[in-house]
Amino acid sequence: MSDVRVLVGTRKGAFVLRADGARKNWDVSGPFFGGWEIFHVKGSPVDPNRIFASQSTSWFGQLIQRSDDGGLTWEPVGNQFLYDGVPGTHQWYDGTPHPWEFARVWHLEPSLSDPDTVLAGVEDAALFRSTDGGQSWSELSGLRGHDTGSAWQPGAGGMCLHTIIVSPHDPRRIFVAISSAGAFRSDDEGATWKPINRGLHSEGLPDEDAEVGHCVHRIAMNPSNPDVLYMQKHWDVMRSTDAGDSWTEVSGNLPSDFGFAIDVHAHEPETVYVVPITSDSEHFPPEGKLRVYRSRTGGDEWEPLTKGLPQDHCYVDVLRDAMAVDTLEDCGVYFGTTGGQVYASANSGDSWEPIVRDLPAVLSVEVQTLV
Amino acid sequence: MIRVVLPAHLRVIAKVSGEVELEVVGTPSPASVIDALEARFPALLGTIRDPLTQQRRKFVRFYACEEDLSLESIDVALPEPVQRGREPFYVIGAMAGG
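Those protein sequences? They're chains A and B, same order as listed. Basically our numbering = 1-based index in the first sequence + 152. Basically our numbering = 1-based index in the second sequence + 125.
Any given hint could be a false lead.
[Stated by the list, open to error] Calculated cross-link-like contacts (lysine to aspartate or glutamate; reagent style EDC-like; alpha-carbon spacing at most 16 Å):
(1) Lys441/A x Glu455/A
(2) Lys441/A x Asp469/A
(3) Lys183/B x Glu253/A
(4) Lys140/B x Glu227/A
(5) Lys176/A x Asp482/A
(6) Lys176/A x Asp502/A
Think of the hints as simulated: they come from the structure by calculation, not from any bench.
With the hints as constraints, model all of the structure from the sequences given.
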């Protein structure tokens, strides 16, 4: 039977949760890097024992840690994220030019084919690549150098590149998303990029259908259907069937279409999960009820999943990188909250149990299915 | 021999438990001490100084001989007791939070 390993990044360290395929009894290890913010932890699909972690604090900056033994031991690798050339400026909150300044790594995306290659999405928004296991990093500067780059503005959480998806069918195709510039696609391994925001509509922009400037919170894909993308935007849940060339709103009957996390069932490309959040000024679930919503129709028609989740006085948030699925036959779904709970469902979301209840605020959740 | 006291988080990163003793070429300054520190513990690169500007990170302070040296030039000579190893050079994480 396969095992699963859940990699959890929190405000105060990383945790590794492991169980067999029944997903009932969990071994919890950590905190690793106690006291540091761990924005993201993710393992290589090629070599699952190789895991990368983004470790940072406001005091001591950014470190990247790497484990080659499944998270038992860790060693720091390279942490020099230097923008290519003269960085130039983007727009600040007040619309004035602001120099590009590295703040932290939000997301690490190990290659689907090479254990030494990993992409890093950073704040201020840029994409970096390492081909030596994280020892050194080079910017894929065609993204930041896009014609629209000087007009990008940060969201409230900073101008972060938080989503990286490499197409499993074509490694030259990469999707990224930036708050609050929008979504972009490269078809040449990151050399050149195009905004893919047609169909997004954002109140608050002078041009509500602008080419860039949308606060995309997260994009998800089922690997078997790489042209179909799902997006949780600031407001609105969106779907694209043409690799992002156009988007259609599929918020349907959700109680709120604001949220951060979104993911797709491992075996059912039309089954999508979101966690509605009340609004951009109230980052907690509507009515104090923590509900995952599942659509089995690619959006529009959503059902609340509540069994095992708190339905009274629950005011946690679920952040953009804090939901993941395993690939076991009965797909497991996992998410973490800012209240420190990590919930798991071993039956595609029908029922939930907390693996842990009292971690620091959860920033990210990833799952490895170990054969 | 220069004695350096690191904050707890950086002792973990450097995998040391107490003071660090370093040989520094020339007249020791905060910059040359950190150069020697980073050469011996590459994992500390960028944790004390910004990797781009090479200036002290804003929430890091430098103390020695009961003085705050943080606002001095990073190239200023350290006090004589530090140069002679009688007093340590402190790298401090600024107090903050709640």
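Checked hints:
1. Lys441/A x Glu455/A: Roughly 14 Å between the alpha carbons, so the hint for Lys441/A and Glu455/A holds.
2. Lys441/A x Asp469/A: holds (11 Å)
3. Lys183/B x Glu253/A: At roughly 14 Å apart (the allowed maximum being 16 Å), Glu253/A and Lys183/B satisfy the hint.
4. Lys140/B x Glu227/A: With Cα atoms ~11 Å apart, Lys140/B and Glu227/A stay inside 16 Å; holds.
5. Lys176/A x Asp482/A: holds (14 Å)
6. Lys176/A x Asp502/A: holds (15 Å)
Consistency note: the structure conflicts with none of the earlier hints.
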